[in-house]
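Peer 1: Starting from the structure of chain A, add chain B where the hints point.
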Amino acid sequence: MTVVLKSLSQLAIPLFIVFVLGYGFLKGIPVYEVFVEGAKEGFTTVIRILPYLVAMLVAIGVFRSSGAMELMIRILAPAAGRLGIPPEVLPLALMRPLSGSASIGILAELLKIYGPDTFIGRTASTMMGSTETTFYAASIYLGSVGHRDSRYILAAGLIADITGFAVSVAVCALIFGR
Amino acid sequence: MRYLVNIIWLILIAGGFLAAVFTGRLEQTVQAAFDSAKYAVELGFALIGIYSLWLGIMRVAEKSGLVKAVSGRMAPLLKILFPDVPVRSPAMGAMSMNIIANMLGLGNAATPLGISAMKELQKVNRNKGAPSDAMCLFTVLNTASVQIIPTTVIALRSAAGSTGPAEIIGTTLAATICSAAAGITAALILKRFYQ
Chain A
-17 MTVVLKSLSQ
-7 LAIPLFIVFV
3 LGYGFLKGIP
13 VYEVFVEGAK
23 EGFTTVIRIL
33 PYLVAMLVAI
43 GVFRSSGAME
53 LMIRILAPAA
63 GRLGIPPEVL
73 PLALMRPLSG
83 SASIGILAEL
93 LKIYGPDTFI
103 GRTASTMMGS
113 TETTFYAASI
123 YLGSVGHRDS
133 RYILAAGLIA
143 DITGFAVSVA
153 VCALIFGR
Chain B
96 MRYLVNIIWL
106 ILIAGGFLAA
116 VFTGRLEQTV
126 QAAFDSAKYA
136 VELGFALIGI
146 YSLWLGIMRV
156 AEKSGLVKAV
166 SGRMAPLLKI
176 LFPDVPVRSP
186 AMGAMSMNII
196 ANMLGLGNAA
206 TPLGISAMKE
216 LQKVNRNKGA
226 PSDAMCLFTV
236 LNTASVQIIP
246 TTVIALRSAA
256 GSTGPAEIIG
266 TTLAATICSA
276 AAGITAALIL
286 KRFYQ
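Here the protein sequences come in this chain order: A and B.
Mapping to my numbering: the first sequence position 43 is 25, numbers consecutive.
Add 95 to a position in the second sequence, counting from 1, and you land on the number used in my numbering.
Only chain B is shown next, with the shape it has when bound in the complex:
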């Protein structure tokens, strides 16, 4: 994965400058490189305020126990997706907290919860050499996480001068629910081929 990002980045820069030689736009391309670097920092400054606002709100959600309270209500749904995992196990608790944290966009809180869920799932994994079906489905859920308010995107849109930075919440929710449903369905079908 790291390797691929390196290759793509190199192609963008080397391919860009090579193309500039052929199109005769070398001078403006060099200028674009400097302008973009400057814009990146301006954008970063524009993001600080909006990020601070969200991280402040999210800290209140975490500290007040809201995340814990909501995750308790996830049990019936998780029981259907993870029939092999006991309802009152530490694994189930960590998984539901992780899912709620993801929904709230608490990335920093979600990852450690997810990792502890994986460790609990590994304890009850019968084949220690490969991830169990529960571990696979849980990871797939995290690669297709359903976020209620896409804070980073809203911040970027408002920094770009949008008249309705939040107007994509509805479309994002529709797309992310379909995406998560597709991921779950694919995992449930594919597991039959990976016994």
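Okay, chain A solo, but in the shape it has when bound:
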């Protein structure tokens, strides 16, 4: 299981890129030109999220260097520790369902402080990748057809998020060790 997940990770990207480009070539697509055309969007995408990154990194930076983060982690540590969750990733878990760009900022800061190749870094990465911006997606989809009543969507979406977070912690501990 451990070996499978590790080699799957290593092979996924090269296999995926070769498959997509090969398929495009066989279908008669000018793969190089189409690639370049799509790549242009990289710049505009980053420019679009940059203000959010500044806002969130500044807020988290202030919160951490003032000592407030230490205090919060110390308060939350007993409860989080009982569930096996590193308290350092709790801010990410709280922000993830609310805002995609804000949680990108929080993850970037966690990776910078604790390093990407640590238990905290890997767990936070897995949490980020395995869940979605639940509130945002629900409001866009329901809003597009004019519904205000969300019935059980938020409850089910949050159950999915919490499951994703719990499994992220467990599977990272299993594969990479704490």
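No wet-lab data here; the hints were simulated from the structure.
We put the CB at the ideal spot given by N, CA and C, even for glycine.
Where hints are given, some of them may not hold.
As the list claims (entries may be wrong) - Listed below are the simulated DMTMM-like cross-link pairs for lysine to aspartate or glutamate, each with C-alpha atoms no more than 20 angstroms apart in a straight line:
| hint | chain 1 | residue 1 | chain 2 | residue 2 |
| --- | --- | --- | --- | --- |
| 1 | B | Lys158 | A | Glu23 |
| 2 | B | Lys158 | A | Glu19 |
| 3 | B | Lys158 | A | Glu15 |
| 4 | A | Lys94 | B | Asp130 |
| 5 | B | Lys286 | A | Asp131 |
| 6 | A | Lys94 | B | Glu137 |
| 7 | A | Lys94 | A | Glu52 |
| 8 | A | Lys22 | B | Glu157 |
| 9 | B | Lys214 | A | Asp131 |
| 10 | B | Lys223 | A | Asp131 |
| 11 | A | Lys9 | A | Glu19 |
| 12 | B | Lys133 | B | Glu122 |
| 13 | B | Lys218 | B | Asp179 |
| 14 | B | Lys214 | B | Asp179 |
| 15 | B | Lys174 | B | Glu215 |
| 16 | A | Lys9 | B | Glu157 |
| 17 | B | Lys223 | B | Asp179 |
| 18 | B | Lys218 | A | Asp131 |
| 19 | B | Lys163 | B | Glu215 |
| 20 | B | Lys286 | B | Asp179 |
To be verified - Pulled a few chain B residues facing chain A out of the computed Cβ check, cut under 10 angstroms:
| hint | residue |
| --- | --- |
| 21 | Trp104 |
| 22 | Leu199 |
| 23 | Val241 |
| 24 | Ile243 |
| 25 | Ile244 |
| 26 | Ala261 |
| 27 | Ile264 |
| 28 | Ala270 |
| 29 | Phe288 |
Peer 2: Same frame as chain A, but now just chain B:
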């Protein structure tokens, strides 16, 4: 939702500066604010290259018809999840394309497809005042989307100097499958209580 983000952001900044007064770290906290703003822009520049790479690959997947081809194979699975929606309806087509686009991390392509799926589902919705069970389950699937390659996370990890930026693909896939399964199960159970 907007409101909550505003509150959290304000608490982080105001609470941070307030705490700095008590801990006597006011000067370094102000410095941290400026350093973080600078780091955000450095990080943004580091991300441009990796984003461009993925968006280029994804454009090829879209243009070559790969997304359409794969979504055709989704029908049997979707038939089980959405028994009320006819297999060959435009709603089913848009839903399967949306799910595949999400799997490939094509956020920009997935959202318009999802919205057109919602509009098609609304046409066959018997109670126009509230979302049908199919609409709810479809939205839940989108709030717990299964992404094969988490490109943004890999980009952030590589910008942070990781020796194995992609090593979280396996763990992410395991977590996201469990999360999606939990979301679907919760939606199927909860719908009995929201008749």
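Peer 1: Compare the structure with each hint and give your call.
Peer 2: Here is how each hint holds up against the structure:
A hinted pair counts as satisfied when its Cα atoms are at most 20 angstroms apart, and lysine 158/B with glutamate 23/A qualifies at roughly 15 angstroms. The straight-line distance between the Cα atoms of lysine 158/B and glutamate 19/A is roughly 11 angstroms, inside the 20 angstroms bound, and the hint therefore holds. This hinted pair checks out: lysine 158/B and glutamate 15/A have alpha carbons roughly 11 angstroms apart, not beyond 20 angstroms. Restraint check for lysine 94/A and aspartate 130/B: the C-alpha separation of about 13 angstroms stays at or below 20 angstroms, so the hint holds.
Distance restraint check for lysine 286/B and aspartate 131/A: the Cα-Cα separation of roughly 14 angstroms lies within the 20 angstroms cut-off, and the hinted pair is therefore satisfied. Proposed proximity of lysine 94/A and glutamate 137/B is supported: the alpha carbons are some 12 angstroms apart, at most 20 angstroms. Straight-line distance between C-alpha atoms of lysine 94/A and glutamate 52/A comes to about 16 angstroms, which keeps the hinted pair within the 20 angstroms bound. With a C-alpha separation of about 15 angstroms, the suggested pair lysine 22/A and glutamate 157/B falls inside the 20 angstroms cut-off, and the hint holds.
Using a Cα cut-off of 20 angstroms, the hinted pair lysine 214/B and aspartate 131/A holds, with the two alpha carbons roughly 16 angstroms apart. About 11 angstroms separates the Cα atoms of lysine 223/B and aspartate 131/A, which keeps this hinted pair within 20 angstroms; it holds. At most 20 angstroms may separate the alpha-carbon atoms for a hinted pair to count; lysine 9/A and glutamate 19/A meet this at roughly 18 angstroms. Between the alpha carbons of lysine 133/B and glutamate 122/B the distance comes to roughly 17 angstroms, so the proposed pair stays at or under 20 angstroms and holds.
Restraint check for lysine 218/B and aspartate 179/B: the C-alpha separation of about 13 angstroms stays at or below 20 angstroms, so the hint holds. For a cut-off of 20 angstroms, the pair hint linking lysine 214/B to aspartate 179/B stands: about 16 angstroms separates their Cα positions. Between lysine 174/B and glutamate 215/B the CA atoms are separated by roughly 16 angstroms; this keeps the pair inside 20 angstroms, and the hint holds. Taking the CA atoms of lysine 9/A and glutamate 157/B, the gap is near 12 angstroms; set against the 20 angstroms cutoff, the hint holds.
Using a Cα cut-off of 20 angstroms, the hinted pair lysine 223/B and aspartate 179/B holds, with the two alpha carbons roughly 16 angstroms apart. The suggested pairing of lysine 218/B with aspartate 131/A holds, with an alpha-carbon distance near 17 angstroms, which does not exceed 20 angstroms. Restraint check for lysine 163/B and glutamate 215/B: satisfied, since their Cα atoms lie roughly 18 angstroms apart, inside the 20 angstroms limit. Note on lysine 286/B and aspartate 179/B: the hinted pairing holds, with a Cα-Cα distance of about 14 angstroms set against a maximum of 20 angstroms.
Hint status for tryptophan 104/B: holds, given a least beta-carbon distance of 5 angstroms to chain A, under 10 angstroms. Checking leucine 199/B against chain A: minimum C-beta separation of about 9 angstroms stays under 10 angstroms; hint holds. This hint holds: valine 241/B has a C-beta 9 angstroms from the nearest C-beta of chain A, less than the 10 angstroms allowed. The beta carbon of isoleucine 243/B is positioned within 10 angstroms of a beta carbon in chain A (closest approach about 7 angstroms), and the interface hint is therefore held.
For isoleucine 244/B, the shortest C-beta to C-beta distance to chain A is roughly 6 angstroms, which falls under 10 angstroms, so the interface hint holds. Among the interface hints, the one on alanine 261/B holds; its C-beta lies about 5 angstroms from the nearest C-beta in chain A, closer than the 10 angstroms criterion. Because the beta carbon of isoleucine 264/B sits about 4 angstroms from the nearest beta carbon in chain A, less than 10 angstroms, this interface hint is met. Of the supplied interface hints, the one on alanine 270/B holds, with its beta-carbon coming within about 4 angstroms of a beta-carbon of chain A, less than 10 angstroms.
With its C-beta approaching chain A no nearer than about 7 angstroms, phenylalanine 288/B sits inside the 10 angstroms limit, and its interface hint holds.
Violated hints for the displayed structure: none, as all numbered hints are satisfied.
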